[in-house]
Amino acid sequence: MNLLLLIFTFITNWIVSASFWALYFLFTVPFFHEELAGNYELLTERILQLSLACVLVPAVLSGTGVMQYFFVRENGGRRAAGETKMYLERLMRDICRRGRLELSDFRLYTAKADDYNAWAIGGNHITVTERLLNEFSEEEVKGILAHEVGHLQNGHSRFGLLRYGLEWFSGIIVVTLLLAFFRWIPVLGIFIGIVNFFILIQYYFLKIFLQIPLWFFTQFGSRRNEYAADEYACGLGLGMELAVGLVHLEHIFRSGRRDWFSRLFDDHPDIPSRLERIRKILMERERGSLAG
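Each residue of the sequence shown is one higher than the one before, starting from 1 at the first, in our numbering.
Possibly wrong hints are sitting among the right ones.
[Said to hold, decoys possible] Derived Cβ-Cβ restraints for the label pairs, each shown as a range:
no.	residue 1	residue 2	range
1	A37	L6	36 to 44 Å
2	V66	I15	25 to 33 Å
3	G65	R97	24 to 32 Å
4	G38	A113	51 to 59 Å
Derived by calculation from the structure, the hints in this document are not laboratory data.
Virtual Cβ for every residue (Gly too), placed ideally from N, Cα, C.
Assemble the whole structure, with the sequences as input and the hints as a guide.
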């Protein structure tokens with residue numbers, strides 16, 4: 001599923017990028033790229049090179065440690081320190097022991113967000129909101145951390161960053177905003193306004209016919225990843241702790257089972273569905289231990 005989603009993401013955003021550069025050369029060849037005029041083979045090669053670079057270069061950079069740390073900071077994460085750091089490391093030490101992992105391989109962060117959340121980024125970054133740390137029990141936090149480690153160990157977070165990199169240039173609407181600063185220049189302003197108009201039409205046309213289907217496909221893949229991370233926590237023997245934490249969240253939000261339309265726009269399965277799956281996994285493990 002993840003590989004199919006990655007391929008679909010690449011194709012979608014490459015089409016968006018290629019169409020942008022085709023539109024760019026359509027307007028600029030007569031003025032700035034006279035060597036390309038009438039040379040359709042060279043023009044096609046240039047469009048191919050630029051469009052691939054705009055999709056692949058950000059994707060490659062998204063996997064570097066520097067960019068991963070940037071994404072952590074961008075989402076409000078700050079290095080855990082003091083007693084909070086010791087608390088998180090104590091919980092993670094038990095998780096690492098169960099999963100035969102090294103605590104030193106993980107980077108732990110907290111965020112001053114006004115919600116109950118935790119998330120994993122890249123290959124080893126885990127952020128937990130201070131509100132969750134303050135209001136959830138130690139066992140609940142440990143179960144939630146085990147779930148986030150599951151995302152890291154299953155490669156979900158690296159995959160998510162790679163997709164983010166592939167999609168980066170498809171936000172070409174930013175280019176039109178930058179060009180808007182030059183509209184005050186006589187004659188050039190009229191030209192830029194025309195270019196902006198066509199870029200906007202092209203962008204939103206492709207956004208509707210390519211990005212929206214991709215978004216629905218992504219939603220399905222994200223839910224599968226949540227179930228897989230839950231299963232990983234159960235495999236560590238922390239399924240009950242995770243379930244108790246989810247029940248706590250359910251008590252706070254009282255979301256219950258959502259209707260079909262609501263589930264369509266959420267990248268997480270509803271909590272009752274996750275609890276039911278965890279219950280089945282725990283029952284299977286219990287039957288297996290009794291049979292053994």
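Tested hints:
Checking the proposed 36 to 44 Å range against A37 and L6 shows it holds: the Cβ atoms sit about 37 Å from each other. Evaluation of the 25 to 33 Å hint for V66 and I15 yields a pass: the beta carbon distance comes to about 29 Å. Between G65 and R97 the CB atoms are about 26 Å apart, so this pair conforms to the stated range of 24 to 32 Å. With their beta carbons about 56 Å apart, G38 and A113 fall inside the hinted range of 51 to 59 Å.
Of the numbered hints given earlier, the model fails none.
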